[in-house]
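Trainee: The primary structure of each chain is shown beneath.
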Amino acid sequence: MISLFKRYGTLVGFIAIVAFFWFNLPDTFMTARNWLNISQQISMLAVVAFTMTFVMVMGDFDLSVGSMASLSGITAALLFSQGYPVAAGVAAALAMGILGGFFNGFLVSILGILPFVATLGTLTMFSGLAFWLSDGKTIFGRDIPKTFSGFARGGVDIELAGTLALKIPYLSILALVVLAAVWLVLEQTSFGRRLYAIGGNYEAARLAGVKVRRLRMAAFALTGFGAAIGGLMYASRVASANPTQGSGLMLDAIAAVFLGMTMSEEGEPRVLATLVGVLILGVLDNGLTQMSVDSYIREILVGAIILTAVASSSVGKFRR
Amino acid sequence: MRISKTLKTIAGLAGTMVLATGLSMGLAQAASKVAVITPYLAQPGTQFYVEGFKAAAEKNGWETNIVDTAGDVAAVISRLEDAVNQKVDAIVINVDPQQVAAGLEVAREAGIPVVGMDSGSDPLLATNVTSNGYAMAAETAVYVANRIGGKGRVVMFVFDAFPPVQIRGVVADAIFGNFPDIKIVDRVTPDVQDGGIADSRAKMEAILAANPDKGSIAAVWAAWDQPALGALQAIEDAGRSDEGIVIVGMDANPQARDAIATGGNFEASMAQDFIGIGNKAAEMVGRLLKGETIREPVVYVPTTLVTSSNVADLD
Chain A
3 MISLFKRYGT LVGFIAIVAF FWFNLPDTFM TARNWLNISQ QISMLAVVAF TMTFVMVMGD
63 FDLSVGSMAS LSGITAALLF SQGYPVAAGV AAALAMGILG GFFNGFLVSI LGILPFVATL
123 GTLTMFSGLA FWLSDGKTIF GRDIPKTFSG FARGGVDIEL AGTLALKIPY LSILALVVLA
183 AVWLVLEQTS FGRRLYAIGG NYEAARLAGV KVRRLRMAAF ALTGFGAAIG GLMYASRVAS
243 ANPTQGSGLM LDAIAAVFLG MTMSEEGEPR VLATLVGVLI LGVLDNGLTQ MSVDSYIREI
303 LVGAIILTAV ASSSVGKFRR
Chain B
230 MRISKTLKTI AGLAGTMVLA TGLSMGLAQA ASKVAVITPY LAQPGTQFYV EGFKAAAEKN
290 GWETNIVDTA GDVAAVISRL EDAVNQKVDA IVINVDPQQV AAGLEVAREA GIPVVGMDSG
350 SDPLLATNVT SNGYAMAAET AVYVANRIGG KGRVVMFVFD AFPPVQIRGV VADAIFGNFP
410 DIKIVDRVTP DVQDGGIADS RAKMEAILAA NPDKGSIAAV WAAWDQPALG ALQAIEDAGR
470 SDEGIVIVGM DANPQARDAI ATGGNFEASM AQDFIGIGNK AAEMVGRLLK GETIREPVVY
530 VPTTLVTSSN VADLD
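As you go down the protein sequences, you meet chains A and B in turn.
Mapped onto our numbering, the consecutive letters of the first sequence carry residue numbers 3 to 322.
Mapped onto our numbering, the consecutive letters of the second sequence carry residue numbers 230 to 544.
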């Protein structure tokens, strides 16, 4: 009984949250339109959290994802403002993410700095770089091409019964694509299995011939890449780039992975569980706003729910 | 025993939920719902706008929901979508409308009016309530012209790269240009990376050195408070505070108010009525809720000239 609660407590909690909002917002919550809204609202966080799972699988952290997201947006916007095409700006931003991620990996796996300290350092560096490149200003307006900002407003139209038209936002589709890719890599390739092996026992994995240093570098690079994608999605949604705009993503992404970890027997991060974590955060934001709950109370609630989830999954461990 | 306790808890929870539902449904029928969404609630100006708005909204019996996204502009779009989905009657924002256009378009499609509080005007807003930068600049420039008797050499501190400050400079140019005996010594654009005080002070020191004679500078007109404060420091340090050089700033920040209160060279600044902007925004929402259309894309709230005579009365 206790182990069942431990395993499924978070999922049950999520379903209870959904049921609660459905009950209290009978007309507006459980609608296709609202769920499409939610999917779009969480898409940026989802991408950052999905790719954060790569490093958390190994028991590592990346605190620099928020600054990287900001830096990626600034990089693209700066190139746009100098007349480069959208593709060039996007490519440069993504390259920045991979490079920054490799740098994190280098610090952690070659120099052996603790991930918490290493990525705290790069958090500050990336943030400083974003401020320096942008002069601390927000880049917006005519500098941001319509094709770039239009992406976040567009979607695939779906007609149901010839009349009811729904638009699946591109942002949501992109998040789903990233989810599928991360799931494939982590669950279906030897690369993914080796990452889990490193997380299980670093020394054992190394002695078994896993190239731990190289794999750790690669995992950090993937997390950086994901942060850059998230940053571009954010910049597209607000049609502007600001050197601090991604900073909120980091804590939420880690919280989402933690929430997800409470759902696995071994306490390992699984990307589908991370999705549930992201959904919990997104649904709470959406539902509580619709119920007109004060935004500060909302923050307290979100924190309490994370603690409850983690506590309920560790209660069992303690009793055993 | 244990089961009955659990049952009680469940019954209690269900009761609370039903009560909450009933309550929110009851209110929904009785009152108009207005969502106020901003990423900047931690900033003093925004707090005053929201305070003013809330006070007026309470009088009208509206159900207001204040949403602060703690600096997150994309979250403003998300919360706009939520508010539209929740079918609120009106939305008020305090954020650059261009950055949240994606959310404003959703509101427009749903026919929900959005009012800006010092947001910048935008076709997607029903109207924007703010202070009139043109009028503020006119008031301080005329103050200077009158104090120096329409005659003398004036130093201007401007910042044309930032549109809200650029319009202040244009108006001051026009007013000084209308006095044949006022001559502009220099039109300085200070470096604002350090906040604007230090570089303005350095620029003013150079101008004082180039104009060493007593009375060769009659006044300093600054488009905002920081350069005025820098100029004040330069004049005091050069030992020229007894020449009667008149300094004016704008925005009446706390540091400027202190300087004005001491009765020295820094004589005047302009205070915006932040609470009044919140009140006026509520008035606009009220008109929109009655089905009126607001013709003015921007609605201005009067500002106050702050001098040593009234600085103590302002809070």
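By construction, these hints were calculated from the structure, which means they are not laboratory data.
Honestly, I wouldn't trust all of these hints.
Stated by the list, open to error - Coverage of chain A stretches by chain B, computed from C-beta distances (three or more under 8 angstroms per stretch; other residues unrestricted):
# : stretch
1 : 31-39
2 : 231-241
Unchecked claim - Heads up, simulated BS3-like pairs for lysine-lysine below, C-alpha to C-alpha not over 30 angstroms straight-line:
# : chain 1 : residue 1 : chain 2 : residue 2
3 : B       : K443      : B       : K380
4 : A       : K169      : A       : K148
5 : B       : K262      : A       : K169
6 : B       : K262      : B       : K316
7 : B       : K262      : B       : K519
8 : A       : K169      : B       : K316
Bear in mind the structure is a predicted one, so any value in this text is a computation, not a measurement.
Think of the CB as a built atom: it goes at the ideal place given N, C-alpha and C, for glycine as much as any other residue.
Trainee: With reference to the structure, classify each hint as holding or not holding.
Mentor: Tested hints:
1. 31-39: It holds, with 4 qualifying residues against the three required.
2. 231-241: Coverage by chain B holds for the stretch 231-241 of chain A (4 residues, Cβ < 8 angstroms).
3. K443(B) to K380(B): holds, 15 angstroms
4. K169(A) to K148(A): Given pair K169(A), K148(A) holds - Cα atoms ~19 angstroms apart, limit 30 angstroms.
5. K262(B) to K169(A): Cα-Cα ~27 angstroms, so holds.
6. K262(B) to K316(B): It holds: about 8 angstroms lies between the C-alpha atoms, which stays within 30 angstroms.
7. K262(B) to K519(B): holds, 13 angstroms
8. K169(A) to K316(B): holds, 19 angstroms
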